[in-house]
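Novice: Okay, here's what each chain looks like letter by letter:
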Amino acid sequence: MKKIIALLVICLFALSILAGCGAGTNTPAEKDESKEAPKEIKKEEYPKKGITVIVSYSAGGGTDTGARILLPHVEKELGVPLTVVNKPGGGGWVGWNELLNAEADGYTIGYINTPNLMTGYLNPAMKRDKTIDDFTLIGNHVLDYGAIAVKADDDRFQTIDDLIEYAKKNEVTTTSTGMGSDDHIAALKVNDSVGTKFVPVHGKGASHGKAGVLGGHIDVFFANVGEATVPHKNGEMRVLAIMAPERSKFLPDIPTLEEKGYGKIYSWSARGLAAPPGLPQDKLDKLIAAFEKAMDAPEHVKKMEDMGLLVKWMKGEEYKKFLKEDEASVIKVRDLLGW
Amino acid sequence: MVINPDLILTVLTKLFSFETLLALFAGTLGGMIIGSLPGLSATMGVALLIPVTFGMDPVAGLTMLSAIYTSAVYGGSISAILIHTPGTPASAATALDGYQMTLRGEGLKAMGITTISSMIGGFLSAVALLFLAPPLSLISLKFNAPEYFLIAIFGLTIIGSLTTGSIIKGLSAGVIGLIVGLIGTDIITGFPRYTFGLTPLESGIALVPAMIGLFSLSQVLIQVEELGKVDKEKVMAELKGRVLPTWKEFKSIFITIIRSSILGIFVGILPGAGGDIGSWVGYNEAKRFSKNPEKFGTGCIEGVAAPEAANNAVTGGALIPLLTLGIPGSSTTAVLLGGLIIQGLIPGRELFTTHAKITYTVIFGFMLANILMGICGLLAAKHIVKVTKIPSAVLGPIIVVLSVVGSYAINNNIFDVYVMVAFGIIGYFMRKTGFHPAPVVLALILGPMAENGLKQSFVLSKGNLLGYFLGRPICIVLIILIVLAIASPMILSKLEQKRKREVQAQA
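Residue numbers (numbering that gives the first Met the number 0), protein chains in the order written: chain A, 0 to 338; chain B, 0 to 506.
Chain B on its own, in the form it takes in the complex:
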């Protein structure tokens, strides 16, 4: 990138104008609130506010939208941690360890770790956006149907390790998710599968309502059972401690944050894979690399830091192909595309030449938004965390109301509310019988991605599927990764046994 002093000066003047700063602040706070409400995702937040930006200055309007994007992804984690209700699909992974920490009375610490991880992830992605946009956008084009198929399969290998209990139960939950993912119109033949003549089912089970049902409503149902009992100590646990992690803790998660940020940026760059996938990839890789993978799911700080850094890193990553190629890297950026076009900004080279002033100001604004989000989050954490002190008799109904509103609002469709309730009941019985809802959600996201990728590969390969896959270098790398992911636990446990035997022999 050529550093042009004139450009930097203009960018700074534009950025620190009153209107832009106000938009930045409003976007950050608004995004946090939108994100923390279940069902109101970053995508919706951006979609809701695009009409508002019609009349605004392009810099202020776009800065606000990008601020909403990143802070809504962060906000989604607040409710995931405190009330086990992921505010956005991107924070479903955070709920696993975050909520366990809250149950132990470490909600404040979880919030602090989330905030710092999100801030670092988001900030790094903004830096990546600034410097790597043009070169990285070329890599994203190398990915197509066969690669997506393999990425989805790679993602599905996580399922076995997601649940702390039985692997069989984890896998069966994954299969349920895959089956649910089959509902909807077959992309190649146009045939409606398992729709029972219901038009809303033709586009498949909507992810957000299903997720809200599985995570939130089922959680409320479980809590309702315990209402009469005196077992409130858990939730009412003293919220001691500080927001900021200790230096030692920070050092222990630093590598995780950096790794997750890089993974998140990368997932973001890929068209079609957004924060929901990024957070799972971040979580799983942290678990794979961890010395104590068995701690994941019980409320460990890496389990919170990993998905959080990743899902915020996705935001900047997803903006890279959007700005350079007009190809959205996530569903939120698909909506952002509309916001750009309305301002007369057509993605492509012109954004970095003719409209460079606007583009770079928005990028710097995005960077600033991530820092602002971190500061706001750290300052507000102490107050927000009090939500856990609300007795479940009060909190339960609120979550139900939010779940219904959120499910309806996503598509303005009452059918989605029925979907939410149905999945709430399914989730309740799954929990009662020791199944975890997380693999269902993961399979529901990845199943359709794998199916479309494979079916498109059939057409693209013109009959020679195996040759087509093996002729693509990225595919080969992905296949090796998948084999390693499946085989490594077995090899590792063999090695472990061997070592133990040697130790015993020596003794």
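Next up, chain A with everything else stripped away, as it sits in the complex:
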């Protein structure tokens, strides 16, 4: 009898430890061992040990999936394992706060998602004192422009002009992934520039919005190219326009709002990599070089394209300028957001 109890106790403990390890470190437990050899050789240089990559959203989501596709190629460049740690919550700010507070030794980096990051601190109710300037920027990974789509059999709108004409006279509901999300801001920008009456219905994510449009409950799908391409190709929805400076290679037949004469209305959701404030320049250079090379890996580009996501590498001043533009575009619609 006692033996059985002891055995069970041991089993349960072993399981709990296993589970704990599994949850914290995901796969790289095994990778650690296999990468032992190269680590020994470059003893004096950075990186000497594995790097933690904070993803501020749950496992299995878009950011997480993109990270897991890219990181194996960065591992090849750096010779050490890069471990994804998911820190969801607080609209991404649980993870971003952790990244900002981590030691700037180059062993903790993370994904930053914009404009969600900006709306997080530009919303005065949130009372945050950290901004995009606090991060050490590495480079941009994905740039997903905004798209406007309707249900495939919605006869009211054949072209973007139909939609905009109609929306000038009538209230039209649009999907939004949340207050201050890129989709919300996009609808506000269109309202502001051409005088439409789009009313965003805030939901919990693109899939909720998609269900709302396909079911005929919400009129217009305001989303990103990466979310609209598949329903468009499946014939469930029709993308009417995209909100980008040029056409998307995934939807080459779809016009931009700009070429249709509605002005420079751009919207995007971007995600890139950043490190805590004060990362030494030599370490930063190493990281930038490794990510730059990994971006070009054919397997990475192919997989991201399959997901309908545009890989857009930007670094240094270019990336900084881009993020500042992102911030400025949120500040511009501040009044419309009621902040």
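One thing to keep in mind: the hints can contain errors.
[Said to hold, decoys possible] In silico DSSO-like links for lysine-lysine, alpha-carbon gap of 27 Å or less:
| hint | chain 1 | residue 1 | chain 2 | residue 2 |
| --- | --- | --- | --- | --- |
| 1 | A | K232 | B | K454 |
| 2 | A | K150 | A | K75 |
| 3 | A | K168 | B | K356 |
| 4 | B | K356 | A | K167 |
| 5 | A | K203 | B | K499 |
| 6 | B | K454 | A | K126 |
| 7 | B | K499 | A | K150 |
| 8 | A | K203 | B | K356 |
| 9 | A | K196 | B | K454 |
| 10 | B | K356 | A | K302 |
| 11 | A | K196 | B | K356 |
| 12 | B | K141 | A | K203 |
| 13 | A | K302 | A | K331 |
| 14 | A | K168 | A | K196 |
| 15 | B | K454 | A | K168 |
| 16 | B | K141 | A | K196 |
| 17 | B | K461 | A | K167 |
| 18 | A | K150 | B | K141 |
| 19 | B | K497 | A | K150 |
| 20 | B | K356 | A | K301 |
Hint data in this document are derived by calculation from the structure and do not stem from the laboratory.
We have chain A; now place chain B onto it with these hints.
Specialist: Showing chain B alone in chain A's frame:
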């Protein structure tokens, strides 16, 4: 569905390949273990293993993930029954009657009933997935904000009947849950409510840590009180009897299982409603239809069978909108979506045309996983159930360790551990004062769903809320159901009194 012999042959060859069967077996066993550990939910299990499936063959990888999904939901009930610690949110309802059975020394029977109900529920949902995927996915789209609001309200009508004792106490516990559900960022205005400047609270109180605290930690605290006393007979009760229920018992729960399976499949199809809601709906409807509703909560077999069949039926149901529309029907399938995309499989028509071989193999694999899960469960039940023979002085610390690990692991966040401890203490005092934690958990799940649904309806209705609701047929049906749910106990008791009076008059 067009039956294509070539397709079936390919599907069978793919399914019975060594790699797929191995993945199936590993997924089933792994899922059961993950599910039985408190805090490690099916969602987490799938999320943990998606990176592993990167390098695998799509069929083997996806079969493994779907096997994990269904068997983790089943595994969650094992700990719910034996140690009153729901392994996943979907098994919180099972703890009500399951644990009572264990206390009576009928843990083995409870395990058997759970296994059979889960197996049938899961299997039926796989059949539904196979045949009904395209037509049913269209119904799910008819549901939107107003319907979700009403479904949540309908769910909340259960609260009054959840507790066996005072209705007032049950309702107040529900209100506590609703208040806790208010914490977090307001979805429409983006305003942080009751967050006290704490970033982790902006996304609300995480359900799993709160649930672990309310059910598990509070249970340990209660048991600690009794440590010194000799009152161990209850837990040490002989585990006699057989795993399989008698034919008579099986017949008595058969209707319940079928009803719960259908409800579960339906709840699964709805986007956003997962096993946690499905199991409560199954439990409540079983109670409503039962001839002896007062037995629920005291350890009756229907009370175990109903939520179990329902929560496993949710799994197949939730896969229907995922595969056909790319709309996840539960939080686990939201993660599974990532697993599909990584394999280059984009949900939609193509899955049933271009990738039909892969898709149908995975569906058949899912079916097989449910059977395998049942066999493993029945064989292992005798051994697993011995856990109840462990004295609480040993079991208590283990549960505490598992609770802490589980709460942390869900979001890799130490804050969730504090939440778990706080709710453990709240749960302890609630139990001491005769409140049950179940209504708190239910309200915590349904409250935010009702709030979002109502607020979105305000925007969608463009000002005319009542007209908007009454213009939607499904809404009208739901409103009638809600009215019936609230009024029926009163009408029934009136009828009962009248009958009694007539009987007396005759006498």
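Novice: Hint by hint, say whether it matches the structure.
Specialist: Tested hints:
Proximity of A:K232 to B:K454 is assessed by CA-CA distance (about 32 Å); at most 27 Å being required, the pair is judged violated. A distance of roughly 44 Å separates the Cα atoms of A:K150 and A:K75; the hinted pair therefore is violated under the 27 Å criterion. About 49 Å separates the Cα atoms of A:K168 and B:K356, which puts this hinted pair outside 27 Å; it is violated. Pair hint B:K356 plus A:K167 does not hold up; C-alpha atoms about 48 Å apart against a cutoff of 27 Å.
Between A:K203 and B:K499, the direct Cα distance comes to roughly 52 Å. Violation of the 27 Å bound is thereby established for this hinted pair. At roughly 25 Å between alpha-carbon atoms, B:K454 and A:K126 fall within 27 Å of each other, so this suggested pair holds. Distance restraint check for B:K499 and A:K150: the Cα-Cα separation of roughly 59 Å exceeds the 27 Å cut-off, and the hinted pair is therefore not satisfied. With a C-alpha separation of about 33 Å, the suggested pairing of A:K203 with B:K356 is violated against the 27 Å cut-off.
As the CA atoms of A:K196 and B:K454 are separated by approximately 19 Å, the hinted pair is consistent with the 27 Å bound. Proposed proximity of B:K356 and A:K302 is supported: the alpha carbons are some 22 Å apart, at most 27 Å. Only pairs whose Cα atoms come within 27 Å are accepted, and A:K196 paired with B:K356 is rejected, the gap being roughly 46 Å. Straight-line distance between C-alpha atoms of B:K141 and A:K203 comes to about 18 Å, which keeps the hinted pair within the 27 Å bound.
A C-alpha spacing of about 35 Å is found between A:K302 and A:K331, which places the hinted pair above 27 Å, so the restraint is violated. As the CA atoms of A:K168 and A:K196 are separated by approximately 7 Å, the hinted pair is consistent with the 27 Å bound. Restraint check: the Cα-Cα separation between B:K454 and A:K168 comes to about 24 Å, which is no more than 27 Å; the hinted pair holds. Between the alpha carbons of B:K141 and A:K196 the distance comes to roughly 25 Å, so the proposed pair stays at or under 27 Å and holds.
For the proposed pair B:K461 and A:K167, the alpha carbon gap of about 16 Å is at most 27 Å, so the pair holds. With a C-alpha separation of about 14 Å, the suggested pair A:K150 and B:K141 falls inside the 27 Å cut-off, and the hint holds. With a C-alpha separation of about 56 Å, the suggested pair B:K497 and A:K150 falls outside the 27 Å cut-off, and the hint is violated. A C-alpha spacing of about 23 Å is found between B:K356 and A:K301, which places the hinted pair at or below 27 Å, so the restraint holds.
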